[in-house]
Amino acid sequence: MKIFDKQRIVRYIEKRHLEDGGYFFARVLPSSGSDTCFAVKTLKLLNYQPSRPKKIIDYWQRESIDTIYGLYFAVETFKDLGVDTKKINKYSRLLKDFEKCYLSENSKNVVNTKSLETAQLCTDLADSELTSLFYWLSLCVDLEISFNKRMVIKKIIEIRNEDGGYGKIKKSQIASMFYALKIFKLLDHDIYKKESISYLDQEWNKIHYLEDFYWWTESMEMLGQTVDKYKKMKLSKLVELCQKDNGGFSRSQFMGIATIEDTFYAVSILRRLGLI
Amino acid sequence: MNKIILVAVMATFFSMLAGKMAYIITYSEYEHHYPTKKEPRKIAFEMGMMTFSVFFVLSLIIVYLTSKIY
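Residue numbers (the numbering used here), protein chains in the order written: chain P, 1 to 276; chain V, 1 to 70.
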């Protein structure tokens, strides 16, 4: 199996560090919040410090955040840079509003009921109906904000399917399995190991993109499973084929340009396989 | 005259559908880019309106051309 050149990947990431302090794969201002978070995470996985960490902190402190996604990316970046996240607990209202909207007894049995989010899921523009819930929960834990644990578990159990997967609107999705396991781990709840492994085994032949393989590999890791030799070879080959001339990775070997997000997925997979 | 009204209604309906799709796609892309809701909504609205206009004008041109032929 190929051993990947770390320096080449670091160069790809650092070339996308922009003037406003953030990162963006397209190298035009303004920077992207998600790319900034993924860039810092990728560098951390590669054991590198970003060249200008102060500028990254300034980038997030300049922004006025009013979405769960934005806040999650900011807090994750701060954590990876070793910045105290308690400084940003002024956002507790945003998190409480989310809980009221999505986790009340009266809300329907799917996690996201807003029409725009449902439309995004139905048109494959959103990864999973559990993404926002995981981001919110992770923020509550990091910022030490109280939440109704019983209700979170109830909502996830409601979208559990017979095949062992999770998902209501589009049935079982590999991304939903990943987020459900992450949530169960955060809450220290039973992860339904046997059913989850059975679902992941079925999914292996159905997944095609880098992000799917990332969710699959991470889910296996959370379930304490080792990836067999044949699958390791396949994953290594796939990641190798997804690498572009500039050092970054695209989501598929057949199409697309390299992005910071896909580079994060590739590096995470390579770390799990011990190839980096 | 009835035919023109029917075509106009259909053009409006399908152009609105295209505009709405453009709004959803653009919003999905930009909601991860910006930490606020305002910017993604603004850009998505602009994209939705532009898509609606393009599809609507195209529909009118097609109707005009086909009415000349038949």
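Treat the hints as calculated values from the structure; they're not laboratory data. Among these hints, one or two may not hold up.
What the hints assert, rightly or not - Partial chain P-side listing against chain V, Cβ under 8 Å, derived:
id, residue
1, GLY70
2, ALA74
3, GLY274
Unchecked claim - Estimated spans, in silico, between C-beta atoms of each pair:
id, chain 1, residue 1, chain 2, residue 2, range
4, P, LYS149, V, VAL63, 41 to 51 Å
5, V, LEU6, P, HIS189, 54 to 64 Å
6, V, THR36, P, ASP124, 21 to 31 Å
7, V, THR66, P, ASP20, 30 to 40 Å
8, V, THR36, P, GLU162, 32 to 42 Å
9, P, ALA26, V, MET21, 15 to 25 Å
10, V, MET21, P, GLY256, 20 to 30 Å
11, V, THR36, P, LYS86, 21 to 31 Å
12, P, VAL28, V, VAL57, 25 to 35 Å
13, P, SER146, V, PHE13, 30 to 40 Å
14, V, VAL57, P, ALA26, 27 to 37 Å
As the list claims (entries may be wrong) - Each computed EDC-like pair below joins lysine to aspartate or glutamate, with the alpha-carbon atoms no more than 20 Å apart:
id, chain 1, residue 1, chain 2, residue 2
15, V, LYS20, P, GLU144
16, P, LYS41, P, ASP212
17, V, LYS38, P, ASP5
18, P, LYS185, P, GLU240
19, P, LYS55, P, GLU99
20, P, LYS234, P, GLU221
21, P, LYS54, P, ASP5
22, P, LYS168, P, GLU144
23, P, LYS149, P, ASP190
24, P, LYS206, P, ASP163
25, V, LYS20, P, GLU19
26, P, LYS231, P, ASP201
27, P, LYS237, P, ASP5
28, V, LYS42, P, GLU14
29, P, LYS41, P, ASP84
30, P, LYS100, P, GLU117
31, V, LYS37, P, ASP66
32, V, LYS37, P, GLU162
33, P, LYS171, P, ASP84
34, P, LYS194, P, GLU221
35, P, LYS168, P, ASP212
36, P, LYS168, P, GLU117
37, V, LYS42, P, GLU117
38, V, LYS38, P, ASP190
39, V, LYS37, P, ASP5
40, P, LYS194, P, GLU211
Note that beta-carbon positions come from the ideal geometry of N, C-alpha and C, so glycine has one too.
Open item on the list: Are any of the numbered hints broken by this structure? If so, which, sorted upward?
Closed with: Per hint list: 3, 4, 7, 13, 15, 17, 18, 19, 21, 22, 25, 28, 32, 33, 38, 39, 40 violated.
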